[in-house]
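Enquirer: Listed below are the residues making up each chain.
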Amino acid sequence: MNAIAYARATDTPSALATTAEPGSRASYIAGGTNVIDLMKDDVEKPVTLVDITALPMRDIRVGAESIMLGALATMADVADTPAVKANFPVVSEALLLSASAQLRNMATIGGNVLQRTRCSYFRDVSQPCNKRHPGNGCSAIGGENRFHSVIGTSDHCICSHPSDFAAALTAVDARVHTRTASGTRVIAIEDLYVLPGDRPNIENVLAPGELIEAIELPVSAHARNSQYLKVRDRASYEFALVSVAAALETSRGTIRTARVVLGSVAPKPWRAHDVEAALVGRPATPDTFARAAAIASNGMRGFGNNDYKIPLARNTVEQALQAIGGAA
Amino acid sequence: MPASNGPFSRRRFIVTTVAPALALGLSSGQLLRSADAATVTRLPSHGPKPVPVTLLVNGTEHRVAIEPRATLLDTLRDSLNLTGTKKGCDQGTCGACTVLVDGKRVNSCFTLAIMTQGKAVTTIEGLAQGDALHPMQAAFLEHDAFQCGFCTSGQIMSAVGFLSEHRPADDATVREFMSGNICRCGAYPNILAAIQSVAGHA
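If you read the protein sequences in the order shown, they are chains A and B.
By numbering that gives the first Met the number 0, the letter at position 129 of the first sequence is numbered 128, and the numbering carries on one by one without gaps.
By numbering that gives the first Met the number 0, the letter at position 196 of the second sequence is numbered 195, and the numbering carries on one by one without gaps.
Source of the hints: derived by calculation from the structure; they are not laboratory data.
For clarity, every value in this text was computed on a predicted model and none was experimentally measured.
It is possible that some hints are incorrect.
Said to hold, decoys possible - Okay, the calculated beta carbon distance ranges per label pair: (1) A:Ala53 to B:Gly58: 22 to 32 Å; (2) A:Gly280 to B:Gly117: 54 to 64 Å; (3) A:Gly303 to B:Lys118: 42 to 52 Å; (4) A:Val279 to B:Gln90: 40 to 50 Å; (5) B:Cys147 to A:Pro282: 55 to 65 Å; (6) A:Pro207 to B:Asp130: 49 to 59 Å; (7) B:Gln90 to A:Pro207: 22 to 32 Å; (8) B:Arg166 to A:Asp41: 48 to 58 Å; (9) B:Thr53 to A:Val61: 32 to 42 Å; (10) B:Glu60 to A:Ala53: 17 to 27 Å; (11) A:Pro133 to B:Pro167: 46 to 56 Å.
We put the beta carbon where it would ideally sit given N, CA and C, even for glycine.
Chain A on its own, in the form it takes in the complex:
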């Protein structure tokens, strides 16, 4: 780990001014579970860490129309909030199926959605990686790629997005509230991330120093009937091979609204719009779910070690839909 300077933010404008300074190489730190990990591996080498844990962004505000989650709320805080469990079961489940109890006590939800890929080549600075050094090449293409993506990839990067929480947020149409020195904005979670293309070093639309202040969960009928299904190598404390965040609204036996989001198959949470289209307007029956799930892997392409993810994606989508379809 490189040596760092440390600054403790006591107000948001000063924190923004410190990180926005061109060439400052300052990073925010809150829970620290991602940035310290990456610093220990020399993947990230900030000059200054700006500790934002004293900023007033920790509250969870439950309203009639939405729940506003302060960005500094921990994964444990959010997972155990009764209103989140009741109105957004997919969100609570995704959090509780993530990491360990210790890490969930530390990691903040703002940091969670910006966590970086688990690609072992990205995390090994002795290996070429276009995400760390654009133009150096991708070691995972033709390498060990069992955990990598099968859709949304490019010739430059096939990493997968590791956040269970972000997949769940996508299924409930969450909105990310951010701030820069010049103002605030609200970004739909689906619009937060960008695919690698020929610039895999760019992972989201945030400007340098732009700070996530809150994540908003809008109350909806489909969010109330939702589930997170995670498939992994061991029963607990492991990243997903494939996961599905599914949400359904039905009325008199007909599907009105559907959200099907796959995790760990793409460089961002992957919303399966074609599967959703195959559900809406049809009867909520096992046959409908099977037919819709069958097209979940359209457009997917494996790289050898990860070919298994393609049938696994179809099967996991079907299992998730059958599970919540009966309760709808």
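Here the structure of chain A is known, so what remains is to put chain B in place on it, guided by the hints.
Expert: Same frame as chain A, now just chain B:
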């Protein structure tokens, strides 16, 4: 925070931001409002050389000089000589370094010591009252819940944290919520029994 003698300590930048509405060219979302032209002080920073830090560990205040990058784990072991907290993987995977910060279990290998100022840290050395073991320590002895012992401090601290979370103590729940602590000797059945005995689970 005391001023440091590091190269950044005297650098204070006055940054004037003149609200450049939409000048960022934000590609997604809507700019809701702009800050007024304001004078904002850039934060003073400390380090990277050792800086004075005050830590409250097991009820005792300790003043140490540490680099900002020092983890709580390394600071406990190397600066405070509290070696009961173990370094296993040093990457948040094994749980051997588990301590309580303000009563919540965390991985001390992923915690910067400088960020725990003003918080109460509890380590395995802080559980017993004199010669009277904490009930969880006694239960680990009673149920023979370890072999080599290297993971045991972390297991016990994590188990104490688990109890304070007031979850049911059935087999599945304890196993799930203790999954952040790896035991290479495989003492899991006895660890489970020890925790359940303290939790009052039949």
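Enquirer: Could you run down the list of hints and mark each one as holding or not?
Expert: Hints and how they fare:
no.	hint	in the structure
1	A:Ala53 to B:Gly58: 22 to 32 Å	holds (24 Å)
2	A:Gly280 to B:Gly117: 54 to 64 Å	holds (56 Å)
3	A:Gly303 to B:Lys118: 42 to 52 Å	holds (47 Å)
4	A:Val279 to B:Gln90: 40 to 50 Å	holds (44 Å)
5	B:Cys147 to A:Pro282: 55 to 65 Å	holds (58 Å)
6	A:Pro207 to B:Asp130: 49 to 59 Å	holds (56 Å)
7	B:Gln90 to A:Pro207: 22 to 32 Å	holds (28 Å)
8	B:Arg166 to A:Asp41: 48 to 58 Å	violated (38 Å)
9	B:Thr53 to A:Val61: 32 to 42 Å	holds (37 Å)
10	B:Glu60 to A:Ala53: 17 to 27 Å	holds (20 Å)
11	A:Pro133 to B:Pro167: 46 to 56 Å	holds (50 Å)
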